[in-house]
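Assemble the complex: chain A is given as a structure, and chain B must be docked to it using the hints.
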Amino acid sequence: MADENDNDRIDDNQKPEKMFTLKKWNAVAMWSWDVECDTCAICRVQVMDACLRCQAESKKDSYGKQDCVVVWGECNHSFHYCCMSLWVKQNNRCPLCQQEWSIQRMGK
Amino acid sequence: MISLFTVTDSRFCPQSNKIPPKSAKKSLPIVNFRGYPIIIEHLLENQHAQLTDGLKAILYSKEPDISLENLFQIVDNLNDTEHRERLFQLLTDVIEGYLNNEKFALLNKSRDGVVFCHLLALWRSYSQKVIIIKNVYIKYDRCCQNGLKYNAVQMVCTELFKNIIILEQTLKNRIVSQLLLTINESRQGNVLDKNEIDTIISILLQMDIYKDVFENRYLLESKNYFLEQSVLVKSKSVEEFLKQTNKCISTEARREYLPEESNEKVLKIIYEEMVANNLDYILDKGFESLMDSSHTDVLAILYDLCKNVPHGVEIIADHFQKYILLKCTTIVVRTTEKSMIQEIIEFKDKLEAVIATSFGENRLFSELLRTVFTKVINTKGCEPAQNLAKYLDSKLRSKYLNENALENILKKVMVIFRYIQEKDVFEAYYRKDLARRLIFGKSTSQDEERSVISKLKVECGEYFTAKMEGMFRDVNVSRDINADFKQYLSNVHPNLAHSDISVMVLTNSFWTSSTGNHQLVVPADLLRYQSIFRKYYCFTHNGRKLDWQSNLAHCIVRASFANSVKELQVSLFQTIVLLLFNDHDTLTTSRIQELTKIDPSELKIVLRSLSWGKTKILIKDFDENAIAPTDSFTFNRNFSDKLFRIKINQLQMKESIEEQKVTEKNILVDRQFQMDAAIVRILKRKRIISHNELVAEVYNVMNLPVAPQDLKKRIELLIDREYIKRDSDNTAMYTYIA
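First to last, the protein sequences are chains A and B.
Residue numbers for the first sequence follow full-length UniProt numbering, so the first one is 1 and each next one is one higher.
Residue numbers for the second sequence follow full-length UniProt numbering, so the first one is 1 and each next one is one higher.
The following block holds chain A by itself, in its conformation from the complex (with noise of 0.2 Å):
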């Protein structure tokens, strides 16, 4: 962790005489696509993991994981962008509540 610009302060609003001042904060986060349900209903697999395709190829390409994004609908229903693009080409209907398919957002 950078450990640089030690000399500076979180809060300079905050008097000297404190006994304690943070000085240096280092947080931690752990991010996770904002979904309802975490599995794609597609591949069963977790949308947090690149769907059952990527995996398979990710042998060949070490950063195929990182492409794997969800995708969400109007329905607010999400999935593997690549198991719903696959999806659309037969059905484009939400394979969870039938709805006609249309993107609302897609992760990044």
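I should point out that these hints are in silico values taken from the structure, not numbers from a laboratory.
Each residue gets a CB set at the ideal place from its N, CA and C atoms; glycine is no exception.
Check the hints yourself; a few may be wrong.
Claimed, not checked - Covered by chain A, according to a simulated footprint, are these stretches of chain B (three or more residues, beta-carbon under 8 Å):
#, stretch
1, 78 to 84
2, 93 to 104
3, 520 to 526
4, 551 to 560
5, 570 to 579
6, 700 to 706
To be verified - Below, in silico cross-link-like pairs of lysine to aspartate or glutamate (DMTMM-like), each with a Cα-Cα straight-line distance of 20 Å or less:
#, chain 1, residue 1, chain 2, residue 2
7, B, K545, A, E74
8, A, K108, B, D547
9, B, K545, A, D34
10, B, K467, A, E36
11, A, K108, B, D480
12, B, K134, B, E168
13, B, K412, B, E337
14, B, K647, B, D720
15, A, K18, B, D525
16, A, K18, B, E337
17, A, K108, B, D484
18, B, K457, A, E57
19, B, K375, B, E343
20, B, K265, A, E36
21, B, K686, B, D727
22, A, K18, B, D583
23, B, K467, A, D38
24, B, K545, A, E57
25, A, K18, B, E567
26, B, K535, A, D34
Below, chain B without anything else, positioned relative to chain A:
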């Protein structure tokens, strides 16, 4: 006939010829033939007597009455078909007489040693005399060549010597026992007269009686001797005994006066009597201690000895295997997590050194080493895998190892890793420790970290290290995010831009996440930063949500004590507690809990770390180890330390039992998936398979321990999920549902 022989050598020119030349006789017409043989007979007698006297003189080393020249002439003259027989008879009679004489002289010598000496002297002088006699009889000899009796005189002389002297029962026994005695003395360490023995042996060899007269008894005697020696194994230490045996072998192999064949036979006896018959006793008695003390030189002797014994190497290998099994099991069972791997590695190094230096790099031994280690290590479930991960962690964090030393350790660890069956356990624990090292910046060397990953990848494939690589990627990505975030802050919140804050954003699925403490009362400043960062991050990364891992966050807090200002390296929990004392002088445990909402068990550890040991930032009212809800804490204004930056032991970082349980559960879940995959794969290939076959195949494919009842459960679940079904005719068969 005689006249046909002409003497060409000038040295043999006749000087005083008593026989008148025949040519003179030829001119005479012979009328009355009767008287002629008488004269010849008379002449013959005379000549025979002269020859006998001459030969005797030669043999008894006296001045002969007539010259050798004349003797030669006599032989020459009598060397015709008619008289040859007599000539030969005469020679043998004289020699026989002489040798018999000498034999009695020898027999009268009482002591064996003297006999030996005299015999040698006799042989030497006899040989000299035989040469002279040979020259006297040279005409006879040459004549014999045609009759296929080459060197007849020499042969006869030797034969006579052999029959009369050597093969004489008493003398023979004396000679042989003297020889055996001398060799025996040399075995005891006396220096022997090699020349003497050499001569005797060569006589025996020359006479072609070596085997019958000497070798058979020699071998018998040697066998008894080494049988006697081998009993010493009971009284001597194994080391001494082996060294002695080795010495015996090298001396016996170097008896150059005996034919090589005999030496080889004796060696065979030694190997049999001293090594083969005692091998089990030797190994039972001393192998363990020799191995324990790494006596590579003695072990090398042992190995070399056993190489010459039928099944010798296999017998050692057998003991070697038992030894490893015993020691390795002791290590695995007895040692604690800290020392187990270190001891296994040390033990293995020791064994490898022994194999390399003592056992001639025999592959049999290295193979045994591998199988026994694999077997033993895997008897203790997941513990060794877990310990290996921890061992590696401690080495990767160590400040005292340079890269070479570390690389060396890595190689050894990888070998142990290969032995371990439950590689998934290793992966889980290693990843957990890796997370710590990455988050808290504890790794000594990034290169070595990568080196471990690439080694694991080679060993177990891409899938095994995918998450670890993801973790490294997260750390790098976080660095970029932080740089961008600083830029963003200076643009959007210029007043906060100088704050020293960094956020590590980790991908949930690579790291083992813990549920963040949502109730935690985070100081307002921090909350503000959190929300700014979250807003920034979610803006740049669509569709993601962030979970703050308060248990992993760490801070530097500046503390003003009465005499000095220090910087404290603390966890977020510790920070939150310390910051409370800006507004309060004294706080009880329960009050702190109320104010911070830190989990009570966690809080206890935090408070203990702050009021315990060398870093007593807070003073507890009772100086006890346990922390009760009513205990109260006060700021220790007089705290002092010679360092400026003080690291406060973050006790909560110690692995808790719950954490371990979570890890173990994750491992089990992963195993179930692997089992499912294995079952489905097998069925997809076979289409229809019986239960027993399926179980056998799964065991074959999975290199992880599988409990039969778990496997059964997985099969049931797969049937429920309609991946497979029981065959309608035979319920013991499964079919794949496409």
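### Message
Tell me the hint numbers this structure goes against, listed in increasing order.
### Response
Hint check: 1, 2, 6, 10, 12, 14, 16, 20, 24 fail, others pass.
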